[in-house]
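Produce the complete structure using the sequences and hints provided.
Below are the chains, spelled out letter by letter.
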Amino acid sequence: MIIFFTIIRVAFQALGRNKLRSTLTMLGIIIGVSAVIAMVSIGQGAQATISQQIANAGSNMLFVSAGSWNQGGFRSGAGTLSTLTVEDALAIQRECSAVRLVSPLVRTSVPVVFGNQNWMTSIQGVNTNFPAIRLWELEGGSFFTEQDEASAQRVCVLGKTVVENLFGGQDPVGQEIRIRNSPWRVIGVLKAKGQSGMGQDQDDTIVAPYTTVQKKVLGITYIHSIMVSAISQAASSVAEQQITGLLRQRHRIPASEDNDFMVRNLSDLAELANSANRVMTMLLGSIAFVSLIVGGIGVMNIMLVSVTERTREIGIRMSVGATGGDIQFQFLTEAVVLAVFGGVFGIGIGVLSSHGISTSLGWPTLVSTSAIGMAFSFAGAIGIAAGWYPALKASRLDPIEALRYE
Amino acid sequence: MKADLKEALERPASPGDLQPVIQASNLHKYYDTGTVRVHALRGISIEIRKGEFVAIMGASGSGKSTFMNIVGCLDKPSEGTYFLEGTDVSRLSRIELARLRNERLGFVFQAFNLLNRTTAMENVELPLIYAGVRAKERHRRSLEALARVGLSERADHIPSQLSGGQQQRVAIARSLVNHPSILLADEPTGNLDSRTSVEIMQVFQELNEKEKLTIILVTHEYDIAEYARRTITFRDGRIVKDQPVAKRRVASEVIASLPLLED
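Protein chains in written order, with the numbering used here: chain C, 1 to 406; chain U, 407 to 669.
In case anyone wonders, no lab produced these hints; they're calculated from the structure. Among the hints, a few may not be true.
Result set (EDC-like, lysine to aspartate or glutamate): computed pairs, CA atoms no more than 20 Å apart in a straight line [as the list claims (entries may be wrong)]:
id, chain 1, residue 1, chain 2, residue 2
1, U, Lys482, C, Glu401
2, C, Lys19, C, Glu309
3, C, Lys193, C, Asp203
4, U, Lys456, U, Glu612
5, C, Lys393, U, Asp481
6, C, Lys215, C, Glu146
7, U, Lys482, U, Asp494
8, U, Lys482, C, Asp398
9, U, Lys647, U, Glu632
Pulled a few chain U residues facing chain C out of the computed Cβ check, cut under 8 Å [as the list claims (entries may be wrong)]:
id, residue
10, Asp481
11, Pro533
12, Arg540
13, Arg580
Far from chain U, some chain C residues (derived; all Cβ distances over 10 Å) [claimed, not checked]:
id, residue
14, Gln52
15, Glu137
16, Phe143
17, Ala150
18, Gln200
19, Asp260
20, Asn274
21, Ser275
22, Met300
23, Leu352
24, Lys393
For every residue, glycine included, the Cβ atom is placed at its ideal position computed from N, Cα and C.
Written out as structure tokens, the structure is:
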């Protein structure tokens, strides 16, 4: 037992006598491990963000938008048709059994003024179901009522970003803002929701009754889209079918023609984005893993050189009574120490660089303990794999030849 | 003390009442190199008793190195038997040979063979590491061994900070630290100037006289061989001469007669 501990110390001493070489050898492992950790944490960070967004958006949300028109082969963009109406929304609420809540949506960009501050933002016209569909709570004040909606009152609820830009430190509830030169009363403030999956600031918005936005801002009678929440996430594809069927019927679309609307199922979208991300994470991780293997080959290479270079030392040790096993253990220990220390430094650098990436590039990263554990145990395993052959070679040297080696 | 030593050195060895340390009979060693079989040893029979100081002479290729490798348990004979303190070495495995080297043999080489960038102390400790001795005990015994060769105050020097003679003394300390039965010295003075050579021979003579350490010394210099008690001459894989040293040199006297060198 004492022999083993002493040999481990001998291995450390041997590495210490050749600091530059040991450091350079470790560098391969350091780069490999830190790359694995940084890459995996970028991938997992993105995945976590998406999962968070599914939860935030309401995982059972569907989005119906007006389709594009097609005239003589010229097709416009999505949402350019004015085929969706409030009646469509009400019909969906009434007739689709898999649907829980529905809200019409009209939106546009508007400049907003408060005092001497102004801010360009988007205004969303919705009904009172909006907070329940989007799972979006209020931070202060209240949401508008059905009366507000019915009488198209100029009342609004502000997103956090708008509050910050217009009011600074003040409480906006009860204040009056001006949108296109008309006064609007602020009745509530939404809680911060953060970025969407596409990197859009969801808090940079104003929510108001759709009736008000339709009549007093846009001057239209149709709606842009319909927000729907299904009764459960599992029911969202049923809801999608029911809505499609209902709207085709209402819009009198013959079987031979395409829909003049689009139904998007957000949970499907999120799932798609998530699986794409998983593939990306695996791709990044495996590229990084290759560099870890290259690092391991570096360790093996150096250990082989080291065995040749230290043939005489091996001969001396054998002549004073070291067994082949003692020599093998020493060289294996040296390789494992290089790999494990490289792994430890690599973890440190990997964690630091993923923090650096998230602060400097603004990418979300998530350093998971499982990635650290995996990278570390791989580093150890690579040490053993890379050290095994050189150590075996060292242990099989003939002491007489080794002592004579110049 | 010098007089005592001189008297002791001049007294003939009395092997009759002492145990044989080495008993070799009809040792053969050959190497097969494809078609040709090279005979390095052609039937060596020899007995060396405890406390002897033997010089092995011979030209290169005479088989003396092969013989030393077998005696040193670094190699095994192709034929014949070799008993080291009653143990039949030719039947042992590599691991058992290593243990035997560790416990019963001390080596001193022409090229010193110290680990460089390693202190004298750590070099001397080396055999104790593989004997599984605890650190504290290792330090104590290494210092003791360094004291025996007069290098106590150089314990923390690395080989490149030591003279050739001092390096060879460290090597001797290393060979002594495990209290071996035999000290095997292969041309230990080959890389040293004549004065230092005699100093090393003085260390050997003292170890042999005071501690009854069995020493086998390989050399091709006649004057060095004359510090031993018995010389064995090899030629073509056979022993051609085995005789006591008629007129033995005493290292301490030789040193006294040498002119002092400026350092």
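To see whether the hints hold, each was checked on the structure:
1. For the hint linking Lys482/U to Glu401/C, the alpha-carbon distance of about 14 Å falls within 20 Å, and the restraint holds.
2. Annotation: proposed proximity of Lys19/C to Glu309/C holds, straight-line Cα distance about 16 Å (limit 20 Å).
3. For the given pair, Lys193/C sits about 6 Å from Asp203/C by alpha-carbon distance, which is consistent with the 20 Å threshold.
4. Proposed proximity of Lys456/U and Glu612/U is supported: the alpha carbons are some 15 Å apart, at most 20 Å.
5. Distance restraint check for Lys393/C and Asp481/U: the Cα-Cα separation of roughly 19 Å lies within the 20 Å cut-off, and the hinted pair is therefore satisfied.
6. Restraint check for Lys215/C and Glu146/C: satisfied, since their Cα atoms lie roughly 16 Å apart, inside the 20 Å limit.
7. Distance restraint check for Lys482/U and Asp494/U: the Cα-Cα separation of roughly 11 Å lies within the 20 Å cut-off, and the hinted pair is therefore satisfied.
8. Under the criterion of a C-alpha separation no larger than 20 Å, the hint pairing Lys482/U with Asp398/C is consistent with the structure, at around 12 Å.
9. Taking the CA atoms of Lys647/U and Glu632/U, the gap is about 15 Å. The hint holds against a cut of 20 Å.
10. Of the supplied interface hints, the one on Asp481/U holds, with its beta-carbon coming within about 6 Å of a beta-carbon of chain C, less than 8 Å.
11. Residue-level restraint check for Pro533/U holds (minimum Cβ-Cβ distance to chain C is 4 Å; threshold 8 Å).
12. Restraint check, Arg540/U versus chain C: the minimum CB separation of about 6 Å is within 8 Å; hint holds.
13. Using the Cβ-Cβ criterion of 8 Å, the hint placing Arg580/U at the interface with chain C is satisfied: the shortest such distance is roughly 7 Å.
14. Non-interface status of Gln52/C relative to chain U is upheld: no Cβ of that chain comes within 10 Å, the nearest being about 55 Å off.
15. At roughly 66 Å from the closest C-beta of chain U, the C-beta of Glu137/C stays outside 10 Å, upholding its exclusion from the interface.
16. The Cβ of Phe143/C sits about 76 Å from the closest Cβ of chain U, beyond the 10 Å cut-off, so the non-interface label holds.
17. Listed as a non-interface residue, Ala150/C keeps its Cβ farther than 10 Å from every Cβ of chain U; the least gap is roughly 90 Å.
18. Non-interface call for Gln200/C relative to chain U: holds, since the shortest CB-CB distance, roughly 63 Å, exceeds 10 Å.
19. Its beta-carbon lying about 84 Å from the closest one in chain U, Asp260/C satisfies the requirement of being farther than 10 Å from that chain.
20. A cut-off of 10 Å between C-beta atoms confirms that Asn274/C is not in contact with chain U; the least separation is 56 Å.
21. For Ser275/C, the requirement that its beta carbon stay farther than 10 Å from each beta carbon of chain U is met, with the minimum near 56 Å.
22. Remark: the non-interface label on Met300/C is consistent with the geometry, its nearest Cβ contact in chain U lying 24 Å away (cut-off 10 Å).
23. No beta-carbon of chain U comes within 10 Å of the beta-carbon of Leu352/C; the shortest separation is about 34 Å.
24. The Cβ of Lys393/C lies farther than 10 Å from every Cβ of chain U, with a closest approach of about 15 Å, so its non-interface assignment holds.
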